[in-house]
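Q: Since the structure of chain U is already known, use the hints to place chains P and Y on it.
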Amino acid sequence: MNPNAVLSPGTPENEKAPTVSHGKPISTQMDFLRRMLSQPKAVIGLVIMAIFILMALFAPLIAPNDPNKYVGLPHQPPSAEHWLGTTGQGQDVFSQLVWGSRISLLIGFSVGILSTILGLVIGMISGYMPGVVDGVLNMFTNVFLLIPGLPLLIALASFLPQGMVTVMLVLTFTGWSWPARVFRSQVLSLREKDFVSASVVGGEGVPRIVFSEILPNMLSLVMSSLFGAVIYTIGADAGLAFLGFENVNIVSWGTMLYWASNSSALLQEAWWTFLPPGLCIALVSFATTMLIYAMDEVTNPRLRSEKEITRVLKKYKIGSSRSTPVIKETLTH
Amino acid sequence: MVGLAGESGSGKSTIAHAILRILHPPALITNGQVLFQGEDILEMDEARLEQFRWSKVSIVFQSAMNALNPVMKIRDQLTDVMLNHGLTKEESAKRAVELFNLVGIDPRRLDAYPHQLSGGMRQRAVIAIALALNPPLLIMDEPTTALDVVVQKDILEQISSLREKLGFSILFITHDLSLLVEISTHIAITYAGEIVEHAPARELFENPLHPYTLGLMNSFPSISGSKHKLTGIPGSPPDLVSPPTGCRFHPRCPKAMAVCSQTVPARKQITADHSVSCHLFDQYQ
Amino acid sequence: MNIKKPDISPILDVRGMTKRFPVGVFTKSKQVYAVEDVSFTVRRGQVVALVGESGSGKTTTIRMVARLIPVTEGKIFFKDEDILKTEPHQASLEYRRKVQLIFQDPFSSLNAVHTIAHHLARPLIIHKKVSGRQAIHEKVCELLETVELKPAAEIAGRYPHQLSGGQRQRVAIARALAVDPELILADEPISMLDVSIRMGVLNLIERLKEERGISFVYITHDLASARYIGDQIMVMYAGHMVEGGESEAVIGRAVHPYTQLLLSAVPNPHAGLRTDKNSKARGEVPSLINPPPGCPFAARCPQVMDACRQAMPEQIVVEAGHWVRCHLFGAGGRTVKTS
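Chains as they are written, first to last, in numbering that gives the first Met the number 0: chain U, 0 to 332; chain P, 0 to 284; chain Y, 0 to 338.
Because the hints were derived from the structure by calculation, they are not lab data. One or more of the hints may lead you astray.
Unchecked claim - Incomplete in silico selection of chain P near chain Y, CB under 7 Å:
1. 0
2. 116
3. 119
4. 204
5. 205
6. 227
7. 231
Unchecked claim - Listed below are the simulated DSS-like cross-link pairs for lysine-lysine, each with C-alpha atoms no more than 25 Å apart in a straight line:
8. Y/127 x Y/78
9. Y/78 x Y/97
10. Y/97 x Y/208
11. Y/149 x P/228
12. P/267 x P/226
13. P/267 x P/228
14. P/228 x Y/97
15. Y/128 x Y/97
16. P/226 x Y/208
17. U/306 x U/40
18. P/254 x Y/127
19. Y/149 x Y/138
20. Y/97 x U/192
21. P/267 x P/254
22. Y/208 x Y/138
Ideal Cβ placement from N, Cα and C applies to all residues, glycine included.
Extracted from the complex, chain U is given alone in its bound form:
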C-alpha cells in the first residue's frame, strides 16, 4: 500500500497475554474449588451434607444403643428420654435415624458412583465409536430409558434374593441409562472439535483421545451427573424399602418409612415416626441439588452475570430498563 509504511519489526507476541477472568474455562482444581466455596448455595449444600456424613460416621458415639432394641412403649411422642419418640415397635426413633443414615448414604453414594461410571463407559464408547458399536449400545441405552423405572425396580427386586447387594445392583441397573445418554451426546459433540482432530493427526491412539482429551472436558457434566445419580438413588432406595422390597430388618430411612406405614403411623398421628426420615431424605436431596446449582453457576458464566447486573444497578440506584443507563460521573484515571 503506502510505500512509506515500513515498520521495524519487533519481536512479536512476547507480551504478557491478556488475563481474562470471566467466562473462560477453569484451568486448575484450586480455582474451581475456590469459586465453588464462594457461592452461598455450595456452602449450604456442603454444610448440610457434612452434617449427615458426620452423623453417619459417628453413629456409635451419637446413638450408642442398638437401634433395633425395644426401649419403650410403642408410639411414644418425643421426650427427654427419647428425643424423637418411639416407633410402632417401641424402638428409639432418633437412634434409628442416626444408624439408618449409614445405610441410606452408603447406598446413595456407592450406587451413584457405580451408575455414573457405568453410564460413562457405555456413553463414551457409544459416542466415540461410529457405526455399529454406537448403534447397538445406543439402542440398548434407549431401551433401558424407556422401560418405566419403578416397575422394573420392583420386578427385579422381587425375584432376586433380598440384601444390600441386590439393592445396589438393581438401582445401578436402572440408573445408568440416563447418564449414558447424556454422556454420549456430550462425546458426540466433543468428537467433532478441532483439538480431537488435531490429536488424530498427531498420531494419538483412540483410548488416549477418549480418556485424556475428551473426558477432562466433561468433568463438570460428570460431577453433576454424579450428584443427580445420588439423588435418584436415595429416593429410589427409599421407595423400594417403603414398598417392602428390601430387607426390612436392616435399619435405613426407607425401612423406617416402611415400618411407619405398617404401623398406621398416620392414623395414630405418630408424626415422629415418618417425618424425620422423610425430612432427612429430602434434606440430602436438597443439599445435593444446591451443589449442582452452585456448580452450574461456577461453570456457566452467564448465570453469574445475572447477579452482577443487579448488584451494579442497585449501586447506582437505577431501576432495570431496557436501554443502557447513562451515568455522568467523573472518570477516575
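A: Quick look at chains P and Y alone, frame taken from chain U:
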C-alpha cells in the same frame, strides 16, 4: 459514509451498541454526548428512545443471519417493526414489498423462513428490515464479514446504490481497512476504545499519520502492484481490563517515546479534516 | 520470495480426488458431491495456495490428504508412494509424522484443559522424538522459540485461554513442527485472527518454508494472501478445480471466468468500488447435492456455452505453468482472454 476501522478490543461494536443504547448490563455509559440532529441520545427517556430507534437510526448487526428469528417468516419480521411504529397492516404490507424490491429480492420470497434463503439473501433481508422506516442513519456492524467475497461485493454495491437513491448516511464498522478505503467517504481508526485517527478515505490511504494506522495498512497484502514484505503489528491485542498507561498503543508502537507511556495524547487537528491522537504531533493544535 | 527451486519429484501428488457424502432424511438416497476429480502437486519447499469460497471443497480436500476422512475415489502419492494402497484403512504413524495439519480456529484446535507444554509434548512422545522429562521440556521450549513465543518456559506452563488468538495459532504451528514434518496443511490459518496479527503468522510460515524446506498447502478464501505467500495458486469452485498455476500467472493473467470474478471482487484500495463487466456473474454457489452434469459455474457464467452444461471441461495448458478447465479453451480453443 463514515467507516470505523478497528480490531478486536477496539470498541467499534461497543460504540454502535452504545449509540442506540442497547448495550447489555452491566454496561454503563459514563460520560459524553451523542448528538443526533442536535438531540442528545444519552438524555432521552425510554419512551423517546423507543420512538427514536429504527425511525432515526437503525442497525445491521454482525452475523445478521443469526439476527433473524428462525421460526418467523421474513414478512412478519419485516412488518413487526413497522407495526410497532404506527403503520397500519396494509401500509406495512405494501412497504414490505417495496423494501424487498429495493434490496433486490423477489417479493414472493417474503413468505419464506430464514433458513430457506441463502446467506447473501438473508443479509439483504436484514438490510431491508433496517431500512423499513427510512432512517437517516444506518449503522452497519461488520455486515459482510461472514460472507464470501463475491457476495460481499454484490451487497456493497447494493448498499451504495441504495445510499445514492435514498440519501441515508452510513456508519460502516469493519476490521477490513482496505474495504473501507474503497467505499467510505471518511474513516475513523479505533484502537483499545479510543479513536486514534480520523480523515477522509483517500487522505488516510495516501497519508496515514498514526503508527497504528500505518501498521494496519501494512497488514493487508495487495492483489495488484509490486509484492513486498509486510510485517503487520507486533504484540497482542490490548487488555481492556487493565489497559496500558498513557497512549494505549505504546507497547506495540515502533515510534514510542518516553512520554507515550505517561500521558494520553490529545487529539490534534492536522488539517481541516484530518485529526490524529499521537504524541508525534504534539506540536500541532 | 519466488526463488526457482530445482525440479525434483513432487512431495505430494493428488490425483482425481473425489468425495461424496450420502444425505437424506430417511433414506440416504441423495449425494453431496463435495469434491470432484481434484488433482494437484506440491513440490518440496513450495507453498501451494488452495483458493475458494465456502462450499468449494477446499477443506474437505485437505482433510482427505490429512487422512481424517476417507476418500471416495482418487489417489494420494507421497513422494511417489501410493499411500492409499500401502495403508488403505488407517494412516500409519509414519504418515502422520510426515504430514501435519493446522486448523482454522485457534481456540478449538487446542484442548482447553491441557497446558501448552502438554500439547507440544504429546507428539514428541507418540513419535518417540525425545524421551525423559528434561529433554522433552527443552524441546518444548525450543519449539516455542522457533515460533517466536517468548518467554518459552513461561508460555509452556500456560493454558490456551491465557493466550491470544495469534499466540495460539503459533502454538498450533509449533505442535505441527514437533514431529519434523515434510508437509504442513494449513486450513485458513489466519482468517480468524486479528488483521494486524495475520502477517506475523504468514511470515512465520514463509520463514519455515525457506529455512526448513517444509512444503505447505495453504487454504484460504482470500486471493491477496494467497498471492503473498503462494508459489502456486489453485482455484476451486463447487468441489472442482477450475484454474491453477504459478501465482503471478493466475493472478495477473486469470482466464477462467470464476477467477476473474474473484479477482474483481477483492477489495482493492487502489481503485474505487467499481461495477464491472462481470456483473452478470452474480448469484450464489450452487447446491452440491446431486448436481447437474457439466461445469458447475455454468449457471452463473457470463460466457456460458452449450458445451458447458454437458461435460466438465478437461485440463488445458494455457501457458507454461498455468492451466485451466474451461470450455472456452477447448480443442482448437480461443485465444487467451485476460481480465
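Q: Need the list of violated hint numbers for this structure, in ascending order.
A: Result: hints 1, 2, 5, 6, 12, 13, 14, 18 break, sorted rising.
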